[in-house]
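2 protein chains.
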Amino acid sequence: MTADPGFANLTTACAFVDQLAVSGVRQAVICPGSRSTPIAVSLATHPKLRVWVHIDERAAAFFALGMARKLREPVAILSTSGTAAANILPAVVEAQLSRIPLIVLTADRPPELRDWGAAQTIDQIRLFGEHAKWFADMPVPMIDDALVRHARAVAVRAVQSARADPQGPVHLNFPFREPLLPAGSRPPLHLQPLFEEGRGSDVADNEPSRLVAAGGVLDALASQISRVPRGIIVCGPAQGKDLAPAVTALGAVSGYPILADPLSTLRFGAHDRSRIIDAYDPFLRDTLTADALQPDMVIRVGAIPTSKPLQQFLLARPDRTHAIVDAGAPRDPNHLASTVIHGDPAVTLTAVAERLQGSEITGREEWMHAWTLADRAAKTAISHALSVNDDLFEGRAVAEVATLLPEGATLAVGNSMPIRDVDAFVRGDSRRLRIVSNRGANGIDGVVSTALGAAAVSDEPVVLVVGDLSFLHDLNGMLAAKLFDINATVVVLNNDGGGIFSFLPQAEQLESPVFEALFGTPTGVNIGAAARLFAASYARPGDWHAFRRDLCRALHAPGLSIVELETDRHQNVEQHRIIWAAVAAALHPAAAVGV
Amino acid sequence: MTADPGFANLTTACAFVDQLAVSGVRQAVICPGSRSTPIAVSLATHPKLRVWVHIDERAAAFFALGMARKLREPVAILSTSGTAAANILPAVVEAQLSRIPLIVLTADRPPELRDWGAAQTIDQIRLFGEHAKWFADMPVPMIDDALVRHARAVAVRAVQSARADPQGPVHLNFPFREPLLPAGSRPPLHLQPLFEEGRGSDVADNEPSRLVAAGGVLDALASQISRVPRGIIVCGPAQGKDLAPAVTALGAVSGYPILADPLSTLRFGAHDRSRIIDAYDPFLRDTLTADALQPDMVIRVGAIPTSKPLQQFLLARPDRTHAIVDAGAPRDPNHLASTVIHGDPAVTLTAVAERLQGSEITGREEWMHAWTLADRAAKTAISHALSVNDDLFEGRAVAEVATLLPEGATLAVGNSMPIRDVDAFVRGDSRRLRIVSNRGANGIDGVVSTALGAAAVSDEPVVLVVGDLSFLHDLNGMLAAKLFDINATVVVLNNDGGGIFSFLPQAEQLESPVFEALFGTPTGVNIGAAARLFAASYARPGDWHAFRRDLCRALHAPGLSIVELETDRHQNVEQHRIIWAAVAAALHPAAAVGV
Chain Z
1 MTADPGFANL
11 TTACAFVDQL
21 AVSGVRQAVI
31 CPGSRSTPIA
41 VSLATHPKLR
51 VWVHIDERAA
61 AFFALGMARK
71 LREPVAILST
81 SGTAAANILP
91 AVVEAQLSRI
101 PLIVLTADRP
111 PELRDWGAAQ
121 TIDQIRLFGE
131 HAKWFADMPV
141 PMIDDALVRH
151 ARAVAVRAVQ
161 SARADPQGPV
171 HLNFPFREPL
181 LPAGSRPPLH
191 LQPLFEEGRG
201 SDVADNEPSR
211 LVAAGGVLDA
221 LASQISRVPR
231 GIIVCGPAQG
241 KDLAPAVTAL
251 GAVSGYPILA
261 DPLSTLRFGA
271 HDRSRIIDAY
281 DPFLRDTLTA
291 DALQPDMVIR
301 VGAIPTSKPL
311 QQFLLARPDR
321 THAIVDAGAP
331 RDPNHLASTV
341 IHGDPAVTLT
351 AVAERLQGSE
361 ITGREEWMHA
371 WTLADRAAKT
381 AISHALSVND
391 DLFEGRAVAE
401 VATLLPEGAT
411 LAVGNSMPIR
421 DVDAFVRGDS
431 RRLRIVSNRG
441 ANGIDGVVST
451 ALGAAAVSDE
461 PVVLVVGDLS
471 FLHDLNGMLA
481 AKLFDINATV
491 VVLNNDGGGI
501 FSFLPQAEQL
511 ESPVFEALFG
521 TPTGVNIGAA
531 ARLFAASYAR
541 PGDWHAFRRD
551 LCRALHAPGL
561 SIVELETDRH
571 QNVEQHRIIW
581 AAVAAALHPA
591 AAVGV
Chain U
1 MTADPGFANL
11 TTACAFVDQL
21 AVSGVRQAVI
31 CPGSRSTPIA
41 VSLATHPKLR
51 VWVHIDERAA
61 AFFALGMARK
71 LREPVAILST
81 SGTAAANILP
91 AVVEAQLSRI
101 PLIVLTADRP
111 PELRDWGAAQ
121 TIDQIRLFGE
131 HAKWFADMPV
141 PMIDDALVRH
151 ARAVAVRAVQ
161 SARADPQGPV
171 HLNFPFREPL
181 LPAGSRPPLH
191 LQPLFEEGRG
201 SDVADNEPSR
211 LVAAGGVLDA
221 LASQISRVPR
231 GIIVCGPAQG
241 KDLAPAVTAL
251 GAVSGYPILA
261 DPLSTLRFGA
271 HDRSRIIDAY
281 DPFLRDTLTA
291 DALQPDMVIR
301 VGAIPTSKPL
311 QQFLLARPDR
321 THAIVDAGAP
331 RDPNHLASTV
341 IHGDPAVTLT
351 AVAERLQGSE
361 ITGREEWMHA
371 WTLADRAAKT
381 AISHALSVND
391 DLFEGRAVAE
401 VATLLPEGAT
411 LAVGNSMPIR
421 DVDAFVRGDS
431 RRLRIVSNRG
441 ANGIDGVVST
451 ALGAAAVSDE
461 PVVLVVGDLS
471 FLHDLNGMLA
481 AKLFDINATV
491 VVLNNDGGGI
501 FSFLPQAEQL
511 ESPVFEALFG
521 TPTGVNIGAA
531 ARLFAASYAR
541 PGDWHAFRRD
551 LCRALHAPGL
561 SIVELETDRH
571 QNVEQHRIIW
581 AAVAAALHPA
591 AAVGV
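So the sequence lines, in the order shown, correspond to chains Z and U. Under the numbering used here, the letters of the first sequence match residues 1 to 595, in that order. Under the numbering used here, the letters of the second sequence match residues 1 to 595, in that order.
Among the hints, a few may not be true.
For identical chains, the list gives no copy identity; a pair is met inside one copy or between any two copies.
Stated by the list, open to error - No more than 25 Å apart at the CA atoms, straight line, and that leaves these computed lysine to aspartate or glutamate pairs for DMTMM-like:
| hint | residue 1 | residue 2 |
| --- | --- | --- |
| 1 | Lys-379 | Asp-390 |
| 2 | Lys-379 | Asp-219 |
| 3 | Lys-308 | Asp-115 |
| 4 | Lys-379 | Glu-73 |
| 5 | Lys-48 | Glu-511 |
| 6 | Lys-482 | Glu-516 |
| 7 | Lys-308 | Asp-291 |
| 8 | Lys-379 | Glu-511 |
| 9 | Lys-241 | Asp-165 |
| 10 | Lys-241 | Glu-511 |
| 11 | Lys-482 | Asp-568 |
| 12 | Lys-379 | Asp-123 |
| 13 | Lys-308 | Asp-145 |
| 14 | Lys-241 | Asp-429 |
Because the hints were derived from the structure by calculation, they are not lab data. Given the structure is predicted, the values throughout are model-derived calculations rather than measurements.
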């Protein structure tokens with residue numbers, strides 16, 4: 001034991017990494033670099049960790065995020081110092097807002113080299129600002145048992161902090177002095193003994209604690225529900241495995257319909273589906289129907305629903321009882337909450353349902369029936385409208401994809417139009433399908449990487465539906481599929497530009513050349529060439545029969561498959577309008593029930 | 001004039017944008033988005049601004065940085081809210097450290113929507129932390145002359161702040177309430193009157209002020225120089241147009257050799273070249289030579305030199321007089337400065353040279369001669385070694401490129417090995433060549449975009465030399481060339497992975513599979529396929545004759561041309577060692593002079 005910095009670096013890094021593994025981290029994404037060597041070597045040689053070496057830190061961080069969301073457990077991502085670390089910010093922001101546990105590790109120069117013009121040295125102190133839940137600037141390693149204990153303690157705390165409600169990203173910055181590895185060390189480095197000094201803390205220790213609301217608060221909510229017949233439960237984007245049983249239990253005792261966002265975990269699944277309403281986005285666009293169905297009480301969990309018509313519907317009566325249940329800060333941009341219950345939604349709704357179990361709530365069937373009628377009418381109208389139109393319409397594309405997915409599959413969805421189309425055109429059923437999307441910050445960045453991250457740790461098919469701009473934004477993301485032989489399918493809805501902008505007022509307000517330049521932004525990039533670049537298989541079906549055939553092939557093919565569907569940005573707006581009109585025509589019988 | 005938010009948004013945005021233009025901004029990069037519409041429309045319709053609409057904010061920001069460096073003036077970059085804005089961080093960090101004026105504009109939600117779960121809304125307050133020189137969160141626009149005045153004042157201040165020494169990035173965050181544009185407005189929006197309310201401030205007002213050291217400090221430095229015969233002037237990476245005349249003037253009166261980094265503006269050019277030493281990287285690797293040439297005084301300007309042998313050489317005598325002249329914080333990671341002069345280097349060195357003009361400094365010819373001998377010996381040895389070796393060696397590639405560049409061309413250089421090879425193998429001459437590289441943070445990210453930004457505003461050829469990993473990291477950067485028909489040449493030195501790591505101790509210390517996985521990181525990506533994806537022309541010469549032919553063709557071809565040179569990572573280390581040995585063999589006569 002000497003003052004060899006390399007030995008101290010490696011000892012500390014091994015202790016930290018070993019404790020991450022003991023605390024339940026199983027996956028680590030590594031971006032190449034020199035300064036990060038002690039941690040990279042520790043991660044790569046730890047017997048219980050799987051490492052994924054990726055080139056582009058931005059893509060790598062979203063890849064880690066996709067894994068963490070799929071596995072519902074923290075994933076580590078390592079970068080070297082400098083702008084490499086700065087590239088991770090977008091994924092950190094998304095992880096914070098969509099509440100995904102990420103453990104971001106950045107290597108750094110020691111303090112004496114910072115802010116003195118040293119190479120590849122930037123200010124990494126709180127690099128991600130408020131976007132990381134927890135930040136620690138680690139001490140420069142020395143041969144000192146106290147520092148090894150500290151490294152292990154930080155690992156435990158990082159995992160617990162990332163997993164604590166609301167889950168999110170933590171950032172640890174590791175300075176290392178040169179030499180980075182023990183002087184004169186030759187392969188193989190014998191790291192095994194360093195890994196065996198684990199504290200032996202049980203992985204079960206790291207099951208996250210859950211926030212439970214006070215009994216009086218639960219009593220009050222139960223009492224309100226028993227008094228108000230016309231209530232609804234709104235489930236926005238959420239992750240929890242046990243949310244579906246809790247919500248359906250409350251639905252059953254309260255008689256309330258459950259409006260299930262595609263990202264809520266409730267739209268698909270084997271749970272009690274009798275009260276699930278999932279065509280609200282189309283039918284709430286109809287004013288008569290929306291007016292007739294205005295509830296007196298709203299119970300809302302999860303993030304803000306994807307559906308703008310639903311948001312408008314909730315906004316129409318700002319004075320009503322509107323209870324939000326959230327373990328983090330309330331997500332309520334229209335400031336509609338009359339009650340904010342600070343607690344885990346699954347735990348809270350289960351407890352409220354239990355309180356209502358004895359009370360005999362009756363006479364709410366007609367209310368539920370009105371919702372069911374509207375839901376069915378919209379579904380039938382949409383189903384018919386899609387079946388009679390053979391155009392390559394984006395709404396039909398997402399519906400076709402959803403229909404073909406096998407049990408257990410994951411449907412990853414891009415932001416902008418794809419997630420809105422999934423909301424409007426994908427009807428749930430009892431298949432165990434998981435729909436995921438980066439709805440924290442709704443970015444079009446990192447979408448391919450996030451999907452491939454999910455696919456990397458999934459035994460069942462993963463299909464991403466994404467627009468061409470979002471696909472292009474994360475072109476590098478495809479490298480992961482090539483490097484790691486990931487099986488996945490990407491459906492690119494190619495309307496050569498920013499399709500969503502055609503739905504905005506700007507499309508009417510600006511002269512066409514200005515609009516096209518600023519919002520249409522056609523790139524003319526050839527999707528097939530992108531597929532070839534990353535050795536992906538590629539198909540470009542010209543009709544729905546071919547689309548289904550190519551998608552089925554892709555689902556069973558090894559590696560990355562890209563299916564391009566060429567659509568028309570301008571027609572797309574009109575096609576949506578035609579369907580909304582068909583839904584309105586079908587709805588008025590439902591509205592006429594006069595509930 | 002009503003309370004129409006759209007009208008207020010547009011009025012404020014137009015006033016701000018108009019003032020940017022009046023204050024000297026001529027180029028603006030726009031990334032598509034909705035919330036940013038008022039500024040995007042103002043930029044796109046302003047008669048004096050040229051706009052560049054780019055898809056990927058990370059690439060777009062580096063593209064803006066490349067333009068700003070080439071033009072030596074501030075360039076604006078606009079993004080919408082959310083992770084879009086977060087993608088700009090890497091370029092902001094680079095702009096801060098390499099002192100490039102950037103004006104980053106981000107759109108945002110108004111305060112009442114922030115931190116309440118609204119879509120595409122993240123915490124953008126001080127999003128870039130300490131990396132932006134100045135940050136302002138703008139007020140939400142209202143119809144109020146005071147706010148219009150404020151918007152104009154902010155534009156003036158943003159330009160001045162970005163250009164003030166040390167130059168760098170500023171960040172302005174613009175909240176907009178809906179509707180984003182005037183209600184019911186139809187094309188064409190008549191923005192012209194809004195643009196004509198400029199304050200009429202003269203562009204000359206915005207010539208940046210320069211920091212001048214006190215007379216006593218200048219006297220002291222002049223006095224030291226006159227007393228110390230064995231001094232050197234070290235010029236690291238720098239931007240200033242007038243640095244070369246100042247440094248050469250001081251060289252002439254002091255008798256000191258001038259060690260010119262490739263990025264110093266002094267290696268090439270029509271200035272007095274008699275004292276320029278540019279083969280120091282090779283010859284200071286030789287211990288005997290380095291010992292013989294140790295100076296008693298160092299005057300250093302610019303950032304830390306690229307050359308590690310030069311850094312080691314300076315570090316060998318930490319106690320000597322070592323004066324740093326810098327208008328910003330001193331860049332001195334080894335803490336060698338005995339004097340830090342806080343002033344503009346060109347102004348300072350000119351003033352010191354003037355002070356020495358009268359004094360008759362003599363007897364320093366032998367000292368200069370010793371440096372010249374070493375320089376010539378190294379040059380001759382390298383030139384011979386390169387000419388007799390027909391392998392596709394990366395060092396020869398950069399030398400070949402430099403030889404073929406015409407007067408006025410820009411040589412953009414990637415980090416990691418390319419810039420080191422340029423330092424070691426590219427000898428200067430009187431051609432007006434500009435060599436640029438992102439040496440602020442030395443990132444491998446954004447390199448293609450930065451080069452294309454320079455090319456976009458250049459009438460003369462721009463050639464980028466970059467490694468395959470760095471090229472791949474910024475694949476999306478090539479989109480700019482496609483969208484804007486930019487003429488540029490990219491030479492990709494493809495060694496299929498991270499070549500620089502083979503030079504590090506880790507290459508010896510780790511087992512080969514671990515090393516390859518963590519550092520070698522071969523991707524196997526086909527460069528030709530990448531070229532086709534972005535409609536670039538492509539060549540892959542197999543020998544030096546073909547390389548020269550393909551490069552000459554590329555220099556005269558329209559659009560983006562990619563020339564791939566396949567090299568060998570493992571051989572590359574050995575090839576470097578052989579040349580250093582040849583240089584050492586050639587040098588000992590120089591060292592034997594015994595100065």
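Hints, verified against the model:
In this assembly of identical chains, the alpha carbons of Lys-379 and Asp-390 lie at most 25 Å apart only when taken from the same copy (18 Å versus 71 Å across copies). For the identical chains of this complex, Lys-379 and Asp-219 are neighbours neither inside a copy (37 Å) nor across copies (86 Å), given an alpha-carbon limit of 25 Å. With identical chains, the CA atoms of Lys-308 and Asp-115 are at most 25 Å apart between copies only, with a shortest distance of 19 Å across copies and 47 Å within one. In this homomeric assembly, Lys-379 and Glu-73 never come within 25 Å of each other (Cα to Cα): the closest approach is 36 Å inside a single copy and 58 Å across copies.
Taking the shortest Cα distances, Lys-48 and Glu-511 sit within 25 Å of each other only across copies (19 Å), while inside one copy they are farther apart (59 Å). Within a single copy, Lys-482 and Glu-516 get their C-alpha atoms only as close as 34 Å, which misses the 25 Å cut-off; across copies the closest is 17 Å, which meets it. Taking the closest pair of Cα atoms, Lys-308 and Asp-291 come within 25 Å of each other only inside a single copy of the chain (16 Å); across copies the shortest separation is 73 Å, beyond that limit. For the homomeric pair Lys-379 and Glu-511, neither the shortest alpha-carbon distance inside one copy (37 Å) nor that between copies (60 Å) is at most 25 Å.
With identical chains, the CA atoms of Lys-241 and Asp-165 are at most 25 Å apart within one copy only, with a shortest distance of 14 Å there and 55 Å across copies. Proximity of Lys-241 to Glu-511 under the C-alpha cut-off of 25 Å is found in neither arrangement, the shortest distances being 48 Å within a copy and 42 Å between copies. In this homomeric assembly, Lys-482 and Asp-568 come within 25 Å of each other (Cα to Cα) only across copies, at 22 Å, whereas the closest approach inside a single copy is 30 Å. Proximity of Lys-379 to Asp-123 under the C-alpha cut-off of 25 Å is found in neither arrangement, the shortest distances being 54 Å within a copy and 38 Å between copies.
Proximity of Lys-308 to Asp-145 under the C-alpha cut-off of 25 Å is found in neither arrangement, the shortest distances being 56 Å within a copy and 35 Å between copies. Proximity of Lys-241 to Asp-429 under the C-alpha cut-off of 25 Å is restricted to the intra-copy arrangement: shortest distance 17 Å within a copy versus 68 Å between copies.
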